[in-house]
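Protein chains: 2
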Amino acid sequence: MIKVALDAMGGDHAPKAIVEGAILAAKESQGKYGIILTGPEGVIKDTLASFGYNGEGMEIFHAPDIVTMEDSPTVALKTKQNSGLVTCVGLQKAGKVQASVSAGNSGAMMAACLMVLGRVGNMPRPAIACDVPSFGRNVTLLDCGANVDEKAPTLVHFGICGSIYAETMLGISNPKVGLLNMGEEEKKGTEVLQEAHQLLKQAPINFVGNVEGRDIMLGEVDVIVTGGYTGNVVLKLMEGFYEYHLKTFGKIDSPQGRKFHEDWDYSNRGGAMLLGLKGTGLITHGRANAKVIKNALDLAYRLANSQVSEKIAAKLSQVA
Amino acid sequence: MIKVALDAMGGDHAPKAIVEGAILAAKESQGKYGIILTGPEGVIKDTLASFGYNGEGMEIFHAPDIVTMEDSPTVALKTKQNSGLVTCVGLQKAGKVQASVSAGNSGAMMAACLMVLGRVGNMPRPAIACDVPSFGRNVTLLDCGANVDEKAPTLVHFGICGSIYAETMLGISNPKVGLLNMGEEEKKGTEVLQEAHQLLKQAPINFVGNVEGRDIMLGEVDVIVTGGYTGNVVLKLMEGFYEYHLKTFGKIDSPQGRKFHEDWDYSNRGGAMLLGLKGTGLITHGRANAKVIKNALDLAYRLANSQVSEKIAAKLSQVA
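Protein chains in written order, with numbering that gives the first Met the number 0: chain S, 0 to 319; chain P, 0 to 319.
Pulled out of the complex, with its shape left as it was, chain S reads as follows (with noise of 0.2 angstroms):
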C-alpha cells in the first residue's frame, strides 16, 4: 500500500492544522493509502487526542528537531536531520514511504526533496508546477519559482514534466504546451525564449506555440511553461488577484459565484508538485488549513499512484 509521509510540524497553522488535516485525509480516503506523520511523538499524540482521534490508518515517526522558516535550506538540511520536514523525505528515500508533504519552510523542503531523493532530467532543480484557474479549464504553470537564470534546454524539461503531469494525472490526451512570451511571433522574447521555442517545437510533447499572459486565462493550452522568476509572478499576482477580489466583493453567493470561488480559493488545491525528483514532493500552501493538507495528501498519493515521477524520468532519458 502506498503511504504518504506528512510533516506535522511545517505551516503557519502546525500542528493543529496538519494533524487534523491528516484526521479528514484518513477518514474519507478510508484506507486507499497510509500517513505517516513525522515530528515529535508527544506534540502528534497529543494533537490527535484533542480531536478524539484513535489513530487508524496512521503511524507517526518521532523527529523532534524543528525547522523554522528562518532557517535557511543548508542549515536545516545539516543540523535538523531529525525534523518532521526532513524525515518526511528521508522516509521516502529509505522505501517507507511512496510521496513526501510539507507546509514548512519551502526552501528546506525544495532541498531536502533535492539533496535526499535526488533529480531526474537536466533542470538545476525540479520544477514547481501548480494548476491555476483558467477560463472554462485547467493550466498547468510551471515553474513557479524553484529556478533562476534558465536555459533553453530547461524549459524543455519544464515542458516534458507539464505535460506528463497533464496526461496521467488530469487525463489530457495530448495536452497542448505552450510556452509563455510576450508576442506570437518565434522571434519575440529574449535569446533563452527564442531558443526555446525551436527546442519546443522538437521535443516529443504537443507544443502549440507561444502564449501570452492572457492565454493564462482565457487561452487553450492545458501547460504553460515559463521561467522561475515570471511563473512565481504570475501564481503570486493570481493569488492577489482573489484576495484582491474577496476584499472587493466578498463571497459572491450566486452559481456563477459559487463556481469563482471553488475554482480561485488555493485551498481546493493540493499545492505546488515538485516534478523532476526521483520520488514526489509536495509543497503546500504556508497558510494551509486542514482542507488544504488534506487535499494535499491526496494529491500526493495519487502522484505517487500514478507514478508520474517514474514516466517523467523514461521521457526525460530520451531528450538532452
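One thing to keep in mind: the hints can contain errors.
Same chains, same names: a pair is fine if it fits in one copy or spans any two.
Said to hold, decoys possible - Below, in silico cross-link-like pairs of lysine-lysine (BS3-like), each with a Cα-Cα straight-line distance of 25 angstroms or less:
| # | residue 1 | residue 2 |
| --- | --- | --- |
| 1 | Lys-246 | Lys-258 |
| 2 | Lys-150 | Lys-187 |
| 3 | Lys-290 | Lys-250 |
| 4 | Lys-186 | Lys-150 |
| 5 | Lys-77 | Lys-186 |
| 6 | Lys-246 | Lys-175 |
| 7 | Lys-77 | Lys-187 |
| 8 | Lys-250 | Lys-200 |
| 9 | Lys-310 | Lys-290 |
| 10 | Lys-44 | Lys-290 |
| 11 | Lys-290 | Lys-26 |
Calculated directly from the structure, the hints in this document are not laboratory data.
Based on the hints, put chain P in the right spot on chain S.
Leaving out everything else, chain P in the frame of chain S:
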C-alpha cells in the same frame, strides 16, 4: 500652445474611432491643446464630415501611406515615411507638435519614436509604462514589453522613469519604488535582479526593496520595476483577468462593481507611455475606441505639458 499629433489610421477601428476620439478631445479640452490628425487627407476629411464636425481645434497633415499590423518596424520606417504613424512622430521632431499618439502597429510606433526622436539614458529602448489597478491605489508598472534581456542598470533607469512619472503626473511625493521579485530578501531572484537590487539602493529614488506578484494587487508601492518580458506577461494577464471577470459576472451594478469596472476597464486609461525618449510618445490599445483615444490625447498633452521627458532626461544624466 501644445499640440498633439494623432495617427488617424492606426488601430482596429481606424479611422472612425480615432477621428471620433479626436473630436471628443477637441470638444472637451476647449482649446487647451491642439490636435493634428495625420493620414490621408481625403479619408480624414470625409470621416470628420461623417461626424458633422467643422474641424475646430484640429488640423490635418496629409500622409497617404498606410502602416499595417503585418509590417515589420524597420520596413515601416524605411518605406512608409509618409504614413500617419511615422509622420505623427516626425512632426514632433520638427517641432510642430509636442507629443505623438498611435493605436496602430506598436512595434513600428516604438521604432519611429526611438529612431526619429531618440532616447535618453542607457535603456536600449524607452520603457513602456502602464498604470494598472491595485487595491486602493494606482500602480505604475514598467517595462511592459519594450525591452528584453535587460542589464541591471537598465532596471535602475526604469525605476527613475517611473518615479518621475508618478511624482510629476500623479502628484505622489517621493513615490515608493519596488523591484518585482520572487521573494523579499535581497538575495532572491535572477543574477540581474540581485545586482539591480543593490544598484537601486544607491539610486536617487525612494527604493523600498523587493515586492512580489501579490503586491501588484495588494501592496503599498507606487511604482513597480521589472523586465519587459515579465512586465508584458503581467499586463496581459491583468487584461485577461478583467475579460475573464466580464465573461463570468458581466458588469456588476453595485457601488463596488462600478468602482471595479472603472479601475479595470482599460478604456478609462490613455495607454502605454514610452518613457526615456527625447519627446513624448504614446501607444494606445489596438482595440481603442473613441473614449480611449480621447484619454490618450489628454494623457499625451499632460505628459508634454508637465515636461516629464525633460525631467527624466535631467535625472538620468546624473546616474550611470
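Now the hints, each set against the structure:
1. Lys-246 / Lys-258: both (18 angstroms within a copy, 13 angstroms between copies)
2. Lys-150 / Lys-187: both (16 angstroms within a copy, 18 angstroms between copies)
3. Lys-290 / Lys-250: The answer is within: 18 angstroms in one copy meets 25 angstroms, while 33 angstroms across copies does not.
4. Lys-186 / Lys-150: For Lys-186 and Lys-150, both the intra-copy (17 angstroms) and inter-copy (20 angstroms) Cα distances are at most 25 angstroms.
5. Lys-77 / Lys-186: Between copies only: 21 angstroms across, 45 angstroms inside.
6. Lys-246 / Lys-175: between (34 angstroms within a copy, 23 angstroms between copies)
7. Lys-77 / Lys-187: The answer is between: 21 angstroms across copies meets 25 angstroms, while 44 angstroms in one copy does not.
8. Lys-250 / Lys-200: neither (43 angstroms within a copy, 41 angstroms between copies)
9. Lys-310 / Lys-290: neither (29 angstroms within a copy, 53 angstroms between copies)
10. Lys-44 / Lys-290: within (20 angstroms within a copy, 65 angstroms between copies)
11. Lys-290 / Lys-26: Intra 13 angstroms, inter 58 angstroms, cutoff 25 angstroms: intra-copy only.
Consistency note: the structure conflicts with the earlier hints numbered 8, 9.
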